[in-house]
Amino acid sequence: MPQKPDLPHPKPESRRVGYAIVGIGKLTADELIPAARTSENSYVAALVTSEEDKGEAFARAFDLSDRDVYTYDQFEELADREDVQAVYIVLPNSLHREYVERAAKMGKHVLCEKPLGMNADDARQIVAACKKARVKLMTAYRCQYTPEHWAARDAVQGGRLGKVKLLDSIHTQVETDATAWRMKQDLAGGGPLPDVGIYSVNIMRFVLGTEPEWVFAALHQPKGDPRFREVEESVAFTLGFPGGIMATGLTSYGAAKTTTLRVLGEDGSLLMDPAFPYDGLKLQLTDEAGTHQPSFPEYDQFTQEFNHFSRCILEGGTPWTPGEEGVADHVVMDALYESARTGKVVPLKSSRKKDASRGPDKPQLPGK
Numbered sequence: 001m002p003q004k005p006d007l008p009h010p011k012p013e014s015r016r017v018g019y020a021i022v023g024i025g026k027l028t029a030d031e032l033i034p035a036a037r038t039s040e041n042s043y044v045a046a047l048v049t050s051e052e053d054k055g056e057a058f059a060r061a062f063d064l065s066d067r068d069v070y071t072y073d074q075f076e077e078l079a080d081r082e083d084v085q086a087v088y089i090v091l092p093n094s095l096h097r098e099y100v101e102r103a104a105k106m107g108k109h110v111l112c113e114k115p116l117g118m119n120a121d122d123a124r125q126i127v128a129a130c131k132k133a134r135v136k137l138m139t140a141y142r143c144q145y146t147p148e149h150w151a152a153r154d155a156v157q158g159g160r161l162g163k164v165k166l167l168d169s170i171h172t173q174v175e176t177d178a179t180a181w182r183m184k185q186d187l188a189g190g191g192p193l194p195d196v197g198i199y200s201v202n203i204m205r206f207v208l209g210t211e212p213e214w215v216f217a218a219l220h221q222p223k224g225d226p227r228f229r230e231v232e233e234s235v236a237f238t239l240g241f242p243g244g245i246m247a248t249g250l251t252s253y254g255a256a257k258t259t260t261l262r263v264l265g266e267d268g269s270l271l272m273d274p275a276f277p278y279d280g281l282k283l284q285l286t287d288e289a290g291t292h293q294p295s296f297p298e299y300d301q302f303t304q305e306f307n308h309f310s311r312c313i314l315e316g317g318t319p320w321t322p323g324e325e326g327v328a329d330h331v332v333m334d335a336l337y338e339s340a341r342t343g344k345v346v347p348l349k350s351s352r353k354k355d356a357s358r359g360p361d362k363p364q365l366p367g368k
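full-length UniProt numbering applies: residue 1 is where the sequence shown begins, and numbers increase by one.
It is possible that part of the hints are untrue.
What the hints assert, rightly or not - Per label pair, the in silico range of CB-to-CB distance: (1) D279 <-> Q221: 25 to 35 Å; (2) E288 <-> D225: 47 to 57 Å; (3) E77 <-> D225: 16 to 26 Å; (4) T291 <-> E77: 50 to 60 Å; (5) E298 <-> Y72: 35 to 45 Å; (6) E13 <-> D225: 44 to 54 Å; (7) K54 <-> E288: 50 to 60 Å; (8) E315 <-> P226: 43 to 53 Å; (9) E288 <-> D121: 38 to 48 Å; (10) G343 <-> G209: 45 to 55 Å; (11) D83 <-> R134: 16 to 26 Å; (12) A218 <-> Y72: 36 to 46 Å; (13) L166 <-> Q125: 27 to 37 Å; (14) Q221 <-> Y72: 23 to 33 Å.
Note that these hints are calculated values from the structure, not bench results.
Note that beta-carbon positions come from the ideal geometry of N, C-alpha and C, so glycine has one too.
I would like the entire structure built from these sequences, with the hints used as guidance.
Set out below in structure tokens:
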């Protein structure tokens with residue numbers, strides 16, 4: 001059970017955005033509820049879960065009542081809750097579209113965990129539903145809201161490394177539970193690629209600000225291992241970006257926890273190691289002046305997400321990582337799976353517009 005802070009929030013709830021969190025798993029317990037309680041403009045107003053007893057225990061721990069706990073069948077009752085302006089969907093990937101569409105029909109804004117859907121077509125339908133309902137949609141790409149990743153992006157796009165030539169990224173972890181939903185194709189849409197490999201795909205697109213023109217991939221799905229009856233164990237991939245920039249990635253459910261990002265330019269390089277955990281990110285820049293490790297103020301990645309989306313709701317902005325950003329990653333991942341099936345390079349239609357899939361409102365970074 002997460003711990004609630006002792007101090008009351010400085011802003012009344014009437015000046016913050018109330019969220020219903022849909023799904024009470026480890027992420028919600030350990031990260032989201034504590035983050036919302038420390039957000040400058042957000043708070044948890046309701047919980048939606050299949051486990052009423054668990055939901056009621058959380059409600060009591062966070063100054064909510066049993067009446068603030070809803071089952072999935074009661075989800076539409078949130079339509080009458082004026083204090084719930086947004087929902088945060090934290091469910092298996094196969095349920096994202098259903099619950100985004102149900103929330104949009106109620107007129108609720110949606111913050112949805114990545115990946116946005118099961119594939120690009122699924123994600124496009126999610127975007128269309130929110131546009132039709134005129135509600136805001138943000139894909140929860142927490143790494144695009146950190147000062148470390150923005151410093152890496154600024155170094156790349158600001159010319160500090162010279163002309164960029166190569167990128168590589170690794171995101172691996174060992175999954176031991178063959179019964180977990182992420183090991184089921186019909187619930188997850190794939191193995192490590194849409195779960196952890198997506199971080200590598202997304203952040204390489206983010207630091208460059210452009211889209212790949214082609215992709216190539218190979219995967220391994222071992223026989224006889226019950227964990228990988230339905231999904232792949234490992235994927236190795238290459239993305240070809242405009243200007244001859246080559247990016248390679250490795251992702252796996254069978255290799256020790258590793259999260260890295262490296263960018264190599266003609267005049268310098270950068271390394272993030274670790275690159276993707278919830279805290280403890282480290283950035284190292286090497287240029288003509290030597291090697292530097294910048295320092296950044298303390299912050300919480302999920303609080304950053306809440307702050308940004310709530311600010312967009314309160315001020316009428318467009319999220320930096322809207323639904324279109326989620327679609328863009330699915331386009332790449334769909335092509336990677338196609339390449340792995342066919343053994344061929346798959347060409348993509350690459351937009352020439354910088355940050356084509358991102359919103360105009362950049363996040364407010366800590367300390368700025």
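A quick look at each hint next to the structure:
1. D279 <-> Q221: 25 to 35 Å: Once the Cβ atoms are compared, 33 Å apart, the range 25 to 35 Å for Q221 and D279 holds.
2. E288 <-> D225: 47 to 57 Å: holds, 48 Å
3. E77 <-> D225: 16 to 26 Å: violated, 43 Å
4. T291 <-> E77: 50 to 60 Å: holds, 56 Å
5. E298 <-> Y72: 35 to 45 Å: 36 Å Cβ-Cβ, so the 35 to 45 Å window holds.
6. E13 <-> D225: 44 to 54 Å: Given range 44 to 54 Å: holds, Cβ gap about 49 Å.
7. K54 <-> E288: 50 to 60 Å: holds, 55 Å
8. E315 <-> P226: 43 to 53 Å: Check passed, 50 Å falls within 43 to 53 Å.
9. E288 <-> D121: 38 to 48 Å: For E288 and D121 the Cβ distance comes to about 47 Å; the hint holds.
10. G343 <-> G209: 45 to 55 Å: violated, 30 Å
11. D83 <-> R134: 16 to 26 Å: Roughly 20 Å apart at Cβ, these two residues keep to the hinted range, so it holds.
12. A218 <-> Y72: 36 to 46 Å: Once the Cβ atoms are compared, 38 Å apart, the range 36 to 46 Å for Y72 and A218 holds.
13. L166 <-> Q125: 27 to 37 Å: Distance hint for L166, Q125 holds at roughly 36 Å.
14. Q221 <-> Y72: 23 to 33 Å: holds, 32 Å
When held up to the earlier numbered hints, the structure conflicts with 3 and 10 and fits the remainder.
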